[in-house]
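**Q** The chain contents come next:
Protein chains: 2
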Amino acid sequence: MSILCVGSVALDSVETPFGQADRVLGGSAVYFSAAATLFSPVQVVGVVGDDYPLAELRFLADRGADLSGIEQRRGESFFWAGRYHYDLNSRDTLETKLGVFADFEPKIPELFRDASHVFLGNIDPKLQHDVLDQVTSADVVACDTMNYWIEGNRDSLIDLLGRVRILMVNDEEVRQLAGEVNLLKAARWVQSRGPEFVIVKKGEHGAILFAKDWLFYVPGFPLEEVFDPTGAGDSFAGGFMGHLARSGSMTPAALRRAMVYGSALGSFACERFSVERLRDVRADEIHDRVEEFRKLTAFEAHVPAGDHV
Amino acid sequence: MSILCVGSVALDSVETPFGQADRVLGGSAVYFSAAATLFSPVQVVGVVGDDYPLAELRFLADRGADLSGIEQRRGESFFWAGRYHYDLNSRDTLETKLGVFADFEPKIPELFRDASHVFLGNIDPKLQHDVLDQVTSADVVACDTMNYWIEGNRDSLIDLLGRVRILMVNDEEVRQLAGEVNLLKAARWVQSRGPEFVIVKKGEHGAILFAKDWLFYVPGFPLEEVFDPTGAGDSFAGGFMGHLARSGSMTPAALRRAMVYGSALGSFACERFSVERLRDVRADEIHDRVEEFRKLTAFEAHVPAGDHV
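Protein sequence lines, in the order shown, are assigned to chains A and B.
Just so it is clear: in the first sequence, position 283 is 283 by my numbering, and no numbers are missing.
Just so it is clear: in the second sequence, position 247 is 1247 by my numbering, and no numbers are missing.
Hints should not be assumed to be uniformly reliable.
List of simulated lysine to any residue pairs, SDA-like, C-alpha gap at most 20 angstroms [unchecked claim]: (1) Lys202(A) / Val1181(B); (2) Lys202(A) / Leu1223(B); (3) Lys1295(B) / Glu300(A); (4) Lys1295(B) / Leu184(A).
Computed spacing ranges between beta-carbons, pair by pair [claimed, not checked]: (5) Leu1223(B) / Ile158(A): 23 to 31 angstroms; (6) Glu56(A) / Asp1288(B): 49 to 57 angstroms; (7) Glu1224(B) / Asp288(A): 31 to 39 angstroms; (8) Asp1022(B) / Thr93(A): 42 to 50 angstroms.
Calculated from the structure, these hints are not laboratory results.
For every residue, glycine included, the Cβ atom is placed at its ideal position computed from N, Cα and C.
Turn these sequences into a full structure, and let the hints guide you.
**A** The structure is reproduced here in structure tokens:
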């Protein structure tokens, strides 16, 4: 199975309490692919300017990404600069330059149109519709969004919900979208508009998958060093979709496992700037972290005889 | 095994988006006992004024609480009034009247001094020391505290850490106490000053137990209706200590299970005002909720042959 991923391919300048990185690889499609290619082939669609260091994406191609859908145009690449606060849970955007991304019109190469899995990164819902118009056979379509589109392009976004199987957003976004503070009710609101599954990402507090009649909660991994949280959500999405595509299944067991692999990749992404950690993470490290996740929440509910409550 | 609990016995007036309650049962010792007595006998030490409706505490005595350590004095009972915001994650204190609690000097009745388990509710660290001076044989001492004491009575509190086995605080408190944003590092800081275990309560995001060389994370239970979060932390503590005392064990399995029972009781506490829900919750409902917690995080890490990552 292969995954089509459409999103931003960007350059980021990031300051954290631990250091700074200038014009490093970033963007939802880059983080997603860096995680997903550890499990499954990925076909990437995006746009960059003539300033983009495309050679630095070669590690993605080396592990199974098809980058032929990344269009290079005259002009500047999407650039984002941000500074994280002391506790790393909040950040200020210092600068956003859309560059060639402002006129992005995703054209899905013929070869990519039979992808079984589609990830629509956080872009204009109108463009997310355009992608789905070109890819009609996908079994699993997941999409992300943000407050900007929830406020500014709400009708198109709500239409889109009828065309996706999985909505992946953070807790603030799902509350804003549904106009409902209670997460469970907010997820039900989304589900009533189409998506079979809602995944709510809660940063350091983990993530919840809401299915029709069950829930799955994976905690945030207690890292001793959170170095740079940029891209953790897209890395989560990549690990999740990558593992799901590899399993070729949508059973509760497969979805639960994919949630944990997603969380593992999200936690690795935080360990260094940009995709540095995702570039060199080894299979045994991923397995070990998944095992750590298991130990983190496992308990034996069995109560010995005589224990009445 | 029995538990000695020292804390506030109060009257609360609470406003939430769903309604309001006036001068209802509240205070750390009341919530703690309402949860802990479901598992184990509890001996309560506190003080109330002559306005306190002691008869309303009879349900605690009926299920194994010894209330003879609650002293009644001339004057007003500890009174707290608060209003929760729309999302129930934050609240404003409208009024606090310490009343007779201002001069509380815990006197531990002779009969209570051989308790195996001790819970020191959130009171002046000096008084927490006084309790421990009177109870020397306890095997498991747990204590709570708050920002007021962390700022105002820090030295005494840090001394106290050398005398307790479990510190139970919320995430803001442990960060403030340790002067460290990273939760894992903050917990290690506390452990280096005495406590073998640190439990960090994160409200709707669950709770983490930090042991020397393992961690356990229990998520917040996704309730459809959070009615009133007052006392959830003390109810958690009661369920945790109650189950621990009942098991008579401090093995990782017993501690993990106690964390889940604590979380179950914390979630029930939020379903109605005051201790109303804890008053009538049935054993089968508690077991069902523990089973829900198990399903919420359980996954099969086993990867079928051929799955390389």
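**Q** A separate judgement is required for each hint: does it hold in the structure or not?
**A** Each hint, compared with the structure:
1. Of the pairs offered as hints, the one joining Lys202(A) and Val1181(B) holds, with about 17 angstroms between alpha carbons and a cut-off of 20 angstroms not exceeded.
2. A threshold of 20 angstroms between alpha carbons decides the hint, and for Lys202(A) with Leu1223(B) the separation of about 16 angstroms falls inside it, so the pair holds.
3. Taking the CA atoms of Lys1295(B) and Glu300(A), the gap is near 12 angstroms; set against the 20 angstroms cutoff, the hint holds.
4. Of the supplied pair hints, the one linking Lys1295(B) and Leu184(A) holds, its CA atoms being roughly 16 angstroms apart against a limit of 20 angstroms.
5. Checked against the hint of 23 to 31 angstroms, the C-beta distance between Leu1223(B) and Ile158(A) comes to roughly 26 angstroms, which is consistent with it.
6. One distance hint, 49 to 57 angstroms for the beta-carbon pair Glu56(A) and Asp1288(B), holds here, with the actual separation near 53 angstroms.
7. In this structure the supplied range 31 to 39 angstroms holds for Glu1224(B) paired with Asp288(A), their Cβ-Cβ distance being about 36 angstroms.
8. Taking 42 to 50 angstroms as the suggested C-beta distance range, the pair Asp1022(B) and Thr93(A) conforms, at roughly 46 angstroms.
In summary, the structure agrees with every hint in the numbered list given earlier.
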